[in-house]
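Enquirer: What follows is the residue order along each chain.
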Amino acid sequence: MDDILLLEEVERYLRGEMSNEERTLFETNRKKNAELDQLVVEHTYFLQGVETFGSIKTFKNSLTEVEAQLISEGIIGLSPLNGKAKIVYLWKKYKRNIAVAASIAAFISVLASGLIVSFTSKLGNENYRVLVDQINKTNREVNKLKSIDAIEKAGTAKPEVDFRATGFLIDRKGYLVTNAHVISRMKNIYIENKKGEFFKAEALYSDKEVDLAILKITDTAFKAVSSLPYSIKKENSELGEQFFTLGFPRNEIVYGEGYLSAESGSDGDSSAYQLNVSANPGNSGGPVINGKGEVIGIITAKDSKADGVVYAAKSRNIITLLDKLKKSNNQYQVIKTPNKTELKKLDRVHQVKKMEEYVFMVVGN
Amino acid sequence: MLDLGYYFRHLRINKRIVDTLEQEQILLKGLAGSDKNSIELIYRDNFSSIQSFILNNNGSVEDARDIFQEAMIVLYENAGKETFKLNCQIKTYLYSVCRRLWLKRLQQLGKYNYNLEYLVDIVPVDAEIEDHEKRNDDFNLMENAMSKIGEPCKSLLDGYYLQKKNMQELALEFGYTNADNAKTQKYKCLIRLKKIFFAQYKYT
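Order-wise, the sequence lines are chains A and B.
All letters in the first sequence, in the order written, are residues 1 to 365 by this note's numbering.
All letters in the second sequence, in the order written, are residues 1 to 204 by this note's numbering.
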C-alpha cells in the first residue's frame, strides 16, 4: 500500500498538482533520498513514453481514417486484391475515433481564426514599412533618383526558396542552361545573382534524357550583358583534360577543379563525361570550363558510393537542345551562343573573376 | 519615372507568400492536434506526387502509403514542437522526408543499386529522420509492452493515462467496488507495464 501511495505522490508531483508546501516537502525528500529521486526520474521518462505513445497512436488513427476515406474516393489507389474488404475493416476499426477527431477539429478552428488575425496585421506592417521607405526618399531628390535606380536593378522580391542549384548564361540576353532535374520540381523559377537580386525565369525547353534545360530570364529588371567571355565547345573533350567548375553548393559561389576521367557517363552514357572533381548538392547545372575558357560540360550528378565520381552532360548537348528549341519556335532564332573565348591568355584567378559574373544560382519553389 | 510595375510585382509576390505561409501554418497547427481536416488537405495536396515518386523508384502503391504515413508522422512530431520552424513548404518537406525514407528502405532491402545522386540542394531532414527513428523505436517498445500486459490492465492504463479518466470513473467502468480497489489494480498493472517496457529497453 505504501508503494501505491508513493507512486501516487510522484505522479501528483509530476502533474504539478501539489500545493507549494507539499512540493517543497517532496523536493526536500527527493534530495535526501536517492531512491525517491531515481523513481521520479524513471517515472518521468516512462510517463513521457506513455504520452508520446498515446499521441502518436491517436494521430495514426486519424491518418488511417483519412486514408480510408481517400481510398473510397479513389484518390489513393490500391492493389486489386485487398481492395474492398480492407476498407470496411479500416473503417470499422477507426470509426470510434471520429468523435474525438471532431472535438479536436472544433478546437483547432478557434486557433486558426486567431492565426489569421496575427498574419493580417503582419502584412499590414510590411506594407507600412515600404511606404515609409518611399516617403523618406522623396524628401531628397538625389536619393529619390538613386532609389528608382535601385528598384529597376533589383528585380523580384526575395521569393520562398525550396531548391537551390546552378545555371549559367549561354546567350547575353538572359538565356541560361541548367539541369532538367533542377527545375522539374519547381513551380516558380528564379535566378539569383551574386548581389542577392532575384529575377523571375521560365523554362523554355527541358530534356530529361541528357538532363539539360534552357531557361530564359523573363524579369524586365534584368538587363542583357554586353558579351560572354567564354565559348561552348561543340567537339568532344579528351581524357585527362583539366578543368575548373563554378557552382553554388553554398549560398556563395564555390570554385572547384579536376580532370576528365572518362569519356562516358554512368552506364556508358555517351552524352556525358565522368569527371574527377568534388561536387555537392547545389552544384547541379554548373559549368565545367577548360583552360582555354571553353565550356565542355554541365555538372549533373555524382556517384553516391564512390569518391570524386561526378557526371557532366557534354556541352554539345546545349547546341542540340537549342536547335530543337529554335525549330519548335522561330522566335528563339535570336539565341546566339558565344563562340569566342576571351579567357585563353588569362591566369586562373582572372578567368574565374571574369566567369563568375555569368554563373547564377537557380532557385525556386 | 517610378516603376509601378515593380511595386505591383513586389506586392503580389509577397502576398502570395503570406497566403501560403498562413495556410501552411494553419495546416501545421491542425496537424499538431491530429485534426482530420488538416490531415486530409495535406494528403490531397501531396499524396499523388509522392506516390509517383515511389512508383517510379521500384515501389508499389502500398509502399507509397506506408512511406507517406511515416513522413506525416515525422511532420506531426515536429509540428508539435514549439521550436519547430518550417523553412520550406510542406510539400517540399514531405517530398524530402519521403525521398530519404524510401532510399533508406531500398538500401535496407538491397534494392538500391542506382548510385546516381543529383546535386540539387533540398531541405535537409536527416536529423529529423534520425529523431523519428528513435521515437519510433520507443513507440514500438511501448506498443509491444502494452500488448503483453493483457486485459483489463491495458484498458485500465489506457483509461487512466491516455484518456485521463479518474479512479471513480474507472472503478465504475471496470466493476471495482471502489476507487481504492481500482487504484490498487492500476498500480499492479503499471508495475507490470514498466517492468516489461524497461526490460526490453535494456536490450536495444
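Just so you know, these hints were derived from the structure itself, not from any lab.
All values derive from a computational prediction rather than experimental measurement.
Do not take every clue at face value.
[To be verified] Derived Cβ-Cβ restraints for the label pairs, each shown as a range:
1. A:THR28 / B:GLU62: 51 to 59 Å
2. A:VAL334 / B:GLN108: 31 to 39 Å
3. A:ASN29 / B:ARG192: 24 to 32 Å
4. B:VAL61 / A:SER271: 31 to 39 Å
5. A:LYS336 / B:ASP66: 48 to 56 Å
Even for Gly, the Cβ is constructed at its ideal location relative to N, Cα and C.
Enquirer: A separate judgement is required for each hint: does it hold in the structure or not?
Expert: Hint-by-hint comparison with the structure:
1. A:THR28 / B:GLU62: 51 to 59 Å: 57 Å Cβ-Cβ, so the 51 to 59 Å window holds.
2. A:VAL334 / B:GLN108: 31 to 39 Å: 52 Å, violated
3. A:ASN29 / B:ARG192: 24 to 32 Å: 26 Å, holds
4. B:VAL61 / A:SER271: 31 to 39 Å: Given range 31 to 39 Å: holds, Cβ gap about 33 Å.
5. A:LYS336 / B:ASP66: 48 to 56 Å: 51 Å, holds
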